[in-house]
Each structure stands twice: as C-alpha cells, then as structure tokens.
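Read top to bottom, the protein sequences are chains V and D.
Going by our numbering, the first residue of the first sequence is number 3, and it counts up by one from there.
Going by our numbering, the first residue of the second sequence is number 71, and it counts up by one from there.
No lab work stands behind these hints: they were computed from the structure.
You may find that some hints are simply not true.
[What the hints assert, rightly or not] Taking lysine-lysine pairs in the BS3-like style, the calculated list, with each CA pair at most 25 angstroms apart, reads:
hint : chain 1 : residue 1 : chain 2 : residue 2
1    : V       : K7        : V       : K110
2    : D       : K138      : D       : K151
3    : V       : K7        : D       : K138
4    : V       : K76       : D       : K151
5    : D       : K138      : V       : K76
[As the list claims (entries may be wrong)] Looking from chain V toward chain D, a few residues come up when the C-beta cut is under 7 angstroms (computed):
hint : residue
6    : K7
7    : V15
8    : V19
9    : H21
10   : A23
11   : T25
12   : I29
13   : T33
14   : S35
15   : A40
16   : V62
17   : L69
18   : Y78
19   : R81
20   : M96
21   : V99
Just so it is clear, CB atoms sit at the ideal spot from N, CA and C, and this is done for glycine as well.
Here are the chains, one letter per residue:
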Amino acid sequence: MLDEKELVLNPIVGESVQHNARTVSNIRALTASLFGVAAGTLGLESYPGFLFYFIGTAVVSVLIFALKADSSPKAYFFRPVGDLWVGDLFGGLMSFVLTWTLFYGLCKA
Amino acid sequence: MTFAANFLNVIGVVFLSHAVYSAYEHSLLASRSISSPVPSLPLDITLETLFSVLLLCIGVVLSSPDLKPIQWHVWAGRMEKSNEARLVTEVGVGGGNPYAALEERPGFWDVRGAQKAFGGWLRESGEMAN
C-alpha cells in the first residue's frame with residue numbers, strides 16, 4: 003500500500019531499475035570469483051574464508067556506492083538497503099566457493 | 071576513466087598472477103623439504119594478493135557501465151534535453167517524448183480542426199482524381 007502510493011507520487015523508470023540490477027549483479031559475480039582466488043591462495047579455511055567473502059562483498063558495495071552511485075543511492079536504487087548493501091549475497095557465494103576450492107587445491111599442494 | 075579502469079585491471083591481473091604463482095612455488099618448496107612444520111605463507115605474498123584483489127575490484131567497478139537514474143523526473147529531463155532521444159518513436163526503446171501521454175489527451179483533441187483537415191484532404195484527393 004505504501005509502496006504503491008510512493009510510486010504514484012514519484013514514479014520509477016522500470017528499464018533503469020533492470021539495468022542497474024543487471025550491472026550490480028555482474029559486478030558481484032565477477033568480484034566473487036576474484037575473492038575466491040584470493041582466499042584460495044591465502045590458504046584460508048572454513049570460517050575465515052566465508053568471513054573474507056562477506057567482508058569483500060561489503061567492500062565492493064562501498065565501492066559501488068562511492069564510484070558508481072555518486073554517494074546518493076536513492077537516485078539509482080529503489081530500496082537502497084535491500085539492493086545495494088545487503089543485496090545478492092548468496093548468488094556470488096557459489097562462484098566464490100568454486101574458485102576458492104580450485105586455488106586452494108592448487109596452492110596447498 | 072575507462073583508460074584508468076583498464077590500467078587498474080591489467081595491473082591487478084598481473085599482480086594477482088604473480089602472487090598466485092609465488093604461493094604455488096611456496097607450496098612446492100614446503101612439500102619438497104624434509105622439515106615437517108609447514109611454514110606459513112610469507113607476508114609479502116599475502117599483502118600482494120590482497121592489494122591486487124583490491125586493485126581489481128576498483129578496476130571492475132570503474133569499468134562497469136554507468137548506473138541509470140530511476141526517478142522518472144530525472145529520466146524525463148534527460149529525454150527532453152536530447153533531440154535524438156525525443157525523435158525515437160519505437161516502443162520499448164529508451165527514447166520518445168516522455169510527456170506524450172499528456173500532450174495527446176483525447177479530451178483536448180481539436181475535433182473541428184480535424185474535421186476541416188479531413189474535408190480538405192477529401193477535396194484534394196477528389197481534385198486529383200478528376
């Protein structure tokens with residue numbers, strides 16, 4: 003109810019929402035694999051490894067906020083807390099674990 | 071901007087590959103030596119890995135496409151300012167006159183003017199036929 007009223011007062015361009023979501027999802031997938039490479043070469047094990055991933059995703063969110071969203075997430079994301087910050091945490095988790103196990107096997111002999 | 075982003079990406083990849091290769095060599099060294107306690111990864115390899123990942127993250131974010139504004143009034147302002155975007159009329163493309171729904175309201179349609187124009191067109195085509 004509150005959502006619809008808000009949308010009538012300040013309408014949203016759907017195409018832009020899709021484009022932004024796609025861009026952020028691409029960034030997250032790519033950086034998730036990168037964090038996996040780093041975790042693997044550093045030889046991180048269970049809990050520190052996942053912690054590394056979550057910290058890294060938070061760093062990437064800050065980067066997107068500062069570099070791409072011009073420090074005003076309201077202008078680019080409908081629900082900034084949901085889309086930009088918390089976002090798609092578990093989508094990139096699979097790529098992270100994939101590259102993590104790959105490079106861990108490589109660098110731990 | 072894109073030059074800096076690509077530069078950061080390249081440097082990040084170079085450093086990361088160097089760090090991964092160093093870690094691989096370190097693991098080979100550790101496995102070949104007789105001493106049982108495995109030495110932990112040297113500090114400089116760790117720092118190089120973290121630094122290269124940071125550079126790559128910044129490069130990836132910088133080289134990604136710009137975010138588009140979602141507020142309708144900002145988007146409509148951009149559409150109105152660019153003449154090429156206003157002339158686009160296909161559906162579903164990011165262009166067109168954003169206020170078309172307001173400018174072509176049926177209640178404000180000029181009926182007499184349209185009747186006159188139609189009558190004129192009929193007369194013209196009648197003259198051309200004769």
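Hints, one by one, checked against the model:
1. K7/V to K110/V: It is violated: about 56 angstroms lies between the C-alpha atoms, which goes past 25 angstroms.
2. K138/D to K151/D: Given pair K138/D, K151/D holds - Cα atoms ~16 angstroms apart, limit 25 angstroms.
3. K7/V to K138/D: holds, 23 angstroms
4. K76/V to K151/D: holds, 23 angstroms
5. K138/D to K76/V: Roughly 12 angstroms between the alpha carbons, so the hint for K138/D and K76/V holds.
6. K7: With Cβ-Cβ at 15 angstroms, over 7 angstroms, it is violated.
7. V15: Since chain D brings a Cβ to about 5 angstroms from V15/V, closer than 7 angstroms, the hint holds.
8. V19: Holds - the Cβ of V19/V comes within 7 angstroms of chain D, reaching about 5 angstroms at its closest.
9. H21: holds, 5 angstroms
10. A23: violated, 10 angstroms
11. T25: holds, 6 angstroms
12. I29: Status holds, d = 5 angstroms.
13. T33: holds, 5 angstroms
14. S35: Interface hint status for S35/V: violated (10 angstroms vs cutoff 7 angstroms).
15. A40: holds, 4 angstroms
16. V62: holds, 6 angstroms
17. L69: holds, 5 angstroms
18. Y78: holds, 4 angstroms
19. R81: violated, 11 angstroms
20. M96: violated, 18 angstroms
21. V99: Interface hint status for V99/V: violated (16 angstroms vs cutoff 7 angstroms).
Checked against the numbered hints given earlier, this structure breaks hints 1, 6, 10, 14, 19, 20 and 21; the rest are met.
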